[in-house]
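Engineer: Build the complex: two chains, separate frames, hints provided.
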Amino acid sequence: MQSPGHWGGTEPFRILAADGTPVGDTAVGLDPEALRDALRRMIVARRLDRECIALQRQGELTVYPGFEGQEAAQIGSAIALGPEDFVFPTFRELAVAMVRGVDAVQYLQYHRGTWHGGPYDPRATRFGPICIPIATQIVHAVGHALGTKLDRGTGVTVAYFGDGSTSEGDFHEGANLAGVWRVPAVLLCQNNGWAISVPSAEQTAGEIWKRAEGYGMPGVRVDGNDLLAVYAVTRDAIARARAGEGPTLIEALTYRIGAHSTADDPGRYRSDDEVEAARVFDPITRFETWLRAEGHVDDAFLAACGEEAEAFALATREGVIATPAPPAEWMFDWTYAEPPGGGWARQREEALGG
Amino acid sequence: MAESWTLSAALNRALLDALDEDPRLLVFGEDVGRSGGVFRVTDGLQTKFGAERVFDTPISEAGIAGTAVGLAFAGWRSVIEMQFDAFSYPALEQVIDHIAKMRERTRGRVDMPITIRIPAFGGIKGKEHHGESPETYYVHTAGLKVVVPSSPLDGYRLLRLAIADPDPVVVLEPKARYWGKEEGDLTVDGPGMGEGRILREGTACTIVSYGSMIARVLVAAETLAAEGLEVRVLDLRSLSPIDEDLLGAAARDTGRIVVVHEAPRTLGMGAEVAARVMELAFDFLEAPVERVTGWDVPYPPASLEEHYLPTVDRIAAAVRKVVAY
Numbered sequence: 025m026q027s028p029g030h031w032g033g034t035e036p037f038r039i040l041a042a043d044g045t046p047v048g049d050t051a052v053g054l055d056p057e058a059l060r061d062a063l064r065r066m067i068v069a070r071r072l073d074r075e076c077i078a079l080q081r082q083g084e085l086t087v088y089p090g091f092e093g094q095e096a097a098q099i100g101s102a103i104a105l106g107p108e109d110f111v112f113p114t115f116r117e118l119a120v121a122m123v124r125g126v127d128a129v130q131y132l133q134y135h136r137g138t139w140h141g142g143p144y145d146p147r148a149t150r151f152g153p154i155c156i157p158i159a160t161q162i163v164h165a166v167g168h169a170l171g172t173k174l175d176r177g178t179g180v181t182v183a184y185f186g187d188g189s190t191s192e193g194d195f196h197e198g199a200n201l202a203g204v205w206r207v208p209a210v211l212l213c214q215n216n217g218w219a220i221s222v223p224s225a226e227q228t229a230g231e232i233w234k235r236a237e238g239y240g241m242p243g244v245r246v247d248g249n250d251l252l253a254v255y256a257v258t259r260d261a262i263a264r265a266r267a268g269e270g271p272t273l274i275e276a277l278t279y280r281i282g283a284h285s286t287a288d289d290p291g292r293y294r295s296d297d298e299v300e301a302a303r304v305f306d307p308i309t310r311f312e313t314w315l316r317a318e319g320h321v322d323d324a325f326l327a328a329c330g331e332e333a334e335a336f337a338l339a340t341r342e343g344v345i346a347t348p349a350p351p352a353e354w355m356f357d358w359t360y361a362e363p364p365g366g367g368w369a370r371q372r373e374e375a376l377g378g
Numbered sequence: 035m036a037e038s039w040t041l042s043a044a045l046n047r048a049l050l051d052a053l054d055e056d057p058r059l060l061v062f063g064e065d066v067g068r069s070g071g072v073f074r075v076t077d078g079l080q081t082k083f084g085a086e087r088v089f090d091t092p093i094s095e096a097g098i099a100g101t102a103v104g105l106a107f108a109g110w111r112s113v114i115e116m117q118f119d120a121f122s123y124p125a126l127e128q129v130i131d132h133i134a135k136m137r138e139r140t141r142g143r144v145d146m147p148i149t150i151r152i153p154a155f156g157g158i159k160g161k162e163h164h165g166e167s168p169e170t171y172y173v174h175t176a177g178l179k180v181v182v183p184s185s186p187l188d189g190y191r192l193l194r195l196a197i198a199d200p201d202p203v204v205v206l207e208p209k210a211r212y213w214g215k216e217e218g219d220l221t222v223d224g225p226g227m228g229e230g231r232i233l234r235e236g237t238a239c240t241i242v243s244y245g246s247m248i249a250r251v252l253v254a255a256e257t258l259a260a261e262g263l264e265v266r267v268l269d270l271r272s273l274s275p276i277d278e279d280l281l282g283a284a285a286r287d288t289g290r291i292v293v294v295h296e297a298p299r300t301l302g303m304g305a306e307v308a309a310r311v312m313e314l315a316f317d318f319l320e321a322p323v324e325r326v327t328g329w330d331v332p333y334p335p336a337s338l339e340e341h342y343l344p345t346v347d348r349i350a351a352a353v354r355k356v357v358a359y
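Heads up: the protein sequence lines correspond to chains A and B, in order. Residue numbers for the first sequence follow the numbering used here, beginning at 25 and rising by one. Residue numbers for the second sequence follow the numbering used here, beginning at 35 and rising by one.
One or more hints might be untrue.
Stated by the list, open to error - Covered stretches of chain A (in silico footprint by chain B; criterion: 3 or more residues with CB under 8 Å from a CB of chain B, positions within the stretch not fixed):
#	segment
1	36-49
2	138-151
3	186-198
4	364-374
Claimed, not checked - Sample of chain B residues with no beta-carbon within 12 Å of chain A, all distances over it, derived:
#	residue
5	Lys-82
6	Gly-100
7	Pro-124
8	His-164
9	Glu-340
If you're looking for bench data, these hints aren't it; they were derived computationally from the structure. Just so we're clear, the structure is a prediction, and the values are computed from it rather than from any experiment. Note that CB positions come from ideal geometry on N, CA and C, so glycine has one too.
Next comes chain B alone, as it looks inside the complex (with noise of 0.2 Å):
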C-alpha cells in the first residue's frame, strides 16, 4: 500500500531527498534549525545533515535573502524560509532587486539558484499578517518563477523543481494544507516547472484555481456534478510562468471559466487569467470570465475569515451563472 503524507511531510521529504543529492544545498531561516520550523517542514534536517547546512538565522528577512545571494556568488545553492506571508516583505528589496535581476546584470555570468519558501495564505484562523496571500507581488517581477502546490505528493514535485531550477523559485505553501493528507509516492515525475495539471475532466465549465482554493473547488465540483454539471478543474500550480498550454485549451473546450482565488480581486492572479483567456482563446468563449475571489480588504480577523474566503457555494454559484449566461 502507498504511503500517506501530509504537505508539510512530503515537503520536508524534499528537503531532504535535496540535502542528500546536492552537497551545495543550504537550508536556512528563522527557526528551520533546532525547531524544525513552525510548521515543522524543516524538521530534523538539521540533526541529519548539521548545523552548517542547515541553520538557525536571526529574525532577518532581508538578511536571509541577501545572505542567499551572496552565497550563490561563492557556488552554493539556498533554501531560504520566510516564516509567513507577511513576514516576507522587508525581504522584498533583495528578493526583486538583486535575485531576480543578478543574471540579467551579470549576462548570465551569476545564476541565483535559491529557492524561497513562503507558507502563505489564509483559512487557519491565524492572527493578521498570517493569511496573506502575496503571490502577485512575485509573479509581477520578471526573473522569478512562482509556484503554489495543492497537495502533498505535488508539494514534493514542485519543491524538487524549484530547488533543482538555475532560476529563483517562490515557493508559496498553502498553510491550510500543510495537515491534509494524500496518498501515494513521491516523485518528481510528472507535471513539471511551468506546467499545469488537470483534475477532473468536464465540458460545461473549466474552474481554474490554484493552492489551498483546489480543495474547495474539487468540492463544489462534487456538487455540480451532482447537478448535472460536468466541470474541468485547472490546478495551475505554476502562476509563473503560466501554462498557456493547459489554459487555452480549457478556454477552447468549456468556453467558459471561472477563476478561483483567496488573493484581493484587483490585478488578482484572477485578472491575468481573464486576460490570456481573452487572448488566446476570444472566439471560443460562451460567457464573460468570472472571478470568485477574497475582497479587496486586508485579511480579516479570524471569525470573519469565511465571509472573505471563496466558499464552496460561491465557487458553484459563479460556475452556475456562467453556465446559464
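Bound conformation, chain A alone (with noise of 0.2 Å):
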C-alpha cells in the first residue's frame, strides 16, 4: 500500500515514496532555500496545531479541529499560490492562513469564541474568513474568480474543501458553474479519509478527481503526503487557470491522525491500529528523509525550525489567552452598515443597560 486510508482505485500522482524515495522528477522548481522554507512551515504548522489542542483541553479555545498530517497538502499548496492568489477554506486550514500570511492569534478567534472566522482581513491577507457550513466556501470562490476573469485580472482563487464536501449540492453546484463559466479557479480536496465519523468510502462511491470530467475540466489525482507532488500539481493548475485555460479539480489524499475535533472520539469509529498505520505516510518525515538524503537540511536546521516552533506556539498560546472576550456591544456593530430602525437600535439599547 502506497497511501494510507481507504481509498483504491487509481494510484495518485507522487514525486517521494513514503520513505523518502523518489519515484518521479523531484525537480519541480523550488530551490533549496524554498525546499528548507517548506519543511520549516510544515514543523512549526504542527506544532502549533498540537499547542491548539493543548490550549482547548485547557479550556482557552472552545472546539479546536486539528490537521496532523495533512501538513503536506496544506502547504504544499498553499506555497504554490501568489499574493494576487486568493483562498477560500474550509475551518481545516490553519497551515494554509499560516502561509498567506493570516495572524495566527487574529485566527484563533474563532476557536476561542471571540469572534466568527474572519476577525483578520480577508481582503488583505487574500484568505477568506472560516466557518462551518460544508461545501458553501466552494460557490464563492467560484464567484470570486468570476469577478477576476470579468475585470481582466491574473489571480486565481482557490477553494479548499474536504471529501465529506463532494457530497452537497454545493459541490456540484460551484463545480458544474466553475465548468460553464471558464473560471480562474483551483477547487482542491484534500480526501482525508474521514468525514467525522463516515470514512470517504461511505461518502462516494467513485473517485473524486474523475467527476471534473463530467464538469468539463481536468482532475488529478495526488499523494496528498507528498509535498513535492502536491505543490506540482497545484503550480500547474494555477498556471492553467492563470492562462486563461479554465478551473481544475485537485483530488489530494491524506489522512486525518487526530479526531474531527477536540470534541468528537474516533475511537467509537476507528481503530488505532489504522491510525498508527497510517503514520508510516507522515507527511514531514518523509520530506525530511529526501532532504537530508539530498543534503539541503541537517540536525542544526532541525533542531533550529524546533525552537521556532517553540517560540512560535508558545508566543501564540500568550495572544490567545491574553484575547479577552469583546464588549457586548461588538454583537450590534456590524450586522449592518448602519443602524436599520425597526426598534433595532431600542433592542441594542436593552441588551447593553443604555
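Structural biologist: Structure (C-alpha cells):
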C-alpha cells in the first residue's frame, strides 16, 4: 500500500515514496532555500496544531479541529499560490492561513469564541473567513474567480474543501459553474479519509478527481502527503487558470491523524491500528528524509526549526490567552452598515443596559 | 402627461438605470439574459449592457447566491433573481449562512451589496410552488432587509434603493401585480428604505398590509367608506425593518388595527405587527388587533385560490368587527 486510508482505484501522482525515496522528477521548481522553508513551515504548523489542542483541553479554546497529517497537502498547495491569488478555506486550513500571512492569534479567535471566523482582513491576506457550513465556500470561490475574470485580472481563486464536501450540492453547483464559466479557479479537495465518523468509501462510490470530466475540466489525483507532488500539481493548476484555460479539480489523498475536532472521539469509529498504520505515511518525515538525503537540511537546521516552532507556539498561546471577550456592543456593530431602524436600536439599548 | 408603467416595466427600468449608473453592477439568474426573464423584468438588458454584466446561469439557485458572495469579495455588486418564490429555497443556506452574516463575520470589512429579487406570492392561478409567501424566512434573518412593492412607481423606488443599499436586500415582487399600471414619473425620491407609506387617510381603523394585498385593501376601504367608515391604509413596503413610527402613529390615531397578508397566519407578519402595536401603543388600543391572512395550509391549487387569499369581504368584515368591538 502506497497511501494511507480507504482509497482504492487510481494510484495518485507521487514524487516521493513514503520512505522518502524519489519515484518521480524532484525538480519541481523549488530551490533548496524554498524546500527548507517548506519543511520549516510544516514543522511550525504541526507544533502549533498540537498547541491548539492543548489550549482547548485547558479551556482556552472552545472546539478546535486539528489538521495533523495534512501538512503537506496544505503547505504544498499554499506555497504554489502567488500574492494576487485568493483562498476560500474550510475550518481546517490553519497551515494554509499561516502561509498566507494570516495572524495566528487573529485566526484562533474563531476557536476561542471571541469572534467569528473573519476578524483578520480577508482582502488584505487574500484568505477568506473561516466557518463551518460544508462546501458553501466552493461557490464563493467560483464567484470570486468570475469577478477576477470580469476584471481581466491575473489572480486565481482556490477553494479548499474535504471529501465530505463533495457529497454536498454546493460542490456540484460550484464545480458546474466553474466549468461553464471557465473561471480561473482551483478546486482542491483534501480527501483525508474521514468526514467525522464516515469513511470516504461510504461518502462516495467513485473517485472524486474523476468527476472533473463531467464538469468539463481536468482532474488530478495526487498523494497529499507528498509535498513535492502537491506543489507540482497545484502549481500547474494555477498556471492553467492564470493562462485563461479554466479550472482544475485536485484530489489530494491524505489522512486525518487526529480527531475531527476536540469534541470528537474517533475511538468510536476507527481503530488505533489504522491510525498507527497511517503514520508510516507521515508527510513531514517523508519530506525531511529526502531533504537529508539530498543534503539540503542537517541537524542544526532541524533544531532551529524546532526552536522556532516552540517559540511560535508559545507566543501564539500567550496571544490567545490575552485575547479577552469582546465588548457586548460588538454584537450590534456590524450586522448592518447603518442601524436599520424598526426598533433595532432600542434592542441594542436593552441589551447593553443603555 | 405622465407615463403609465406596469410593475414589470418599472422594475426593468430600475435595473436599466442602476446598470447605467454603476459599471460594477451585475444582473444574473435563470433566463434573465437572452429571454429577458419569465416576467420580462430583465427584458433587453443583456442587449444593452452585454452578456458579461447581464447573464444567464445554469439552474443553480444556491450557486447563484453563492456566486454573488464571491463577487462581493471581488468588489462587484449583484442583483440576482430567484425565478419563483418556492425556487428560492435551495439558496437559503447561502442567503442565511453567508449573505446575511458575512459583514458580521468580517467585522464590517466585507459588505454584501446583493439584491435578491424573488417573484413571489399568489393570485396568478399558478401551479403548486408558484404562489408562496416566503417573507418571514427572510424577515427572521438578521443581516437582511426585506421589501415588498405594491405598485409600479414604488417598485422602481424600492428596487433602486435596494441596489444602492450596502447591505443585502430581499425584494419580493408580487407576481399578481406585475401587469397592473400606475401613472407617474419614476424616481427614487419619496419614502426611503425602512419606511412605510400611507395610501389613504382615515380615523376609524388602520389596515396594515403590503404587496399584492394592497389592491384588495384599497377596494375594501372604498366599500367601507360607502358605509361611513373611513380607514387609514398603511403600506408597510419594508417588512424588515418595520416602520415603527408610522405603525405606532396609526395605532395611536385610530386605536384599531387590522393586518392583512396572504402568508399563512402563524408567525406571519401579522404576528409581528400585532406585537409591535402592543409594545408601541397598547394604551391607545380600542380593540384587539385582527389578522386577515392565508391559512396554515400549503398554497392551494388555482381553482381554490380565492378560498385561501384574503378577499375584500374578509378584509371589510374584519374592519367592521374591530370597529364594533
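Engineer: Hint numbers the structure violates, sorted upward?
Structural biologist: 1, 6 and 7
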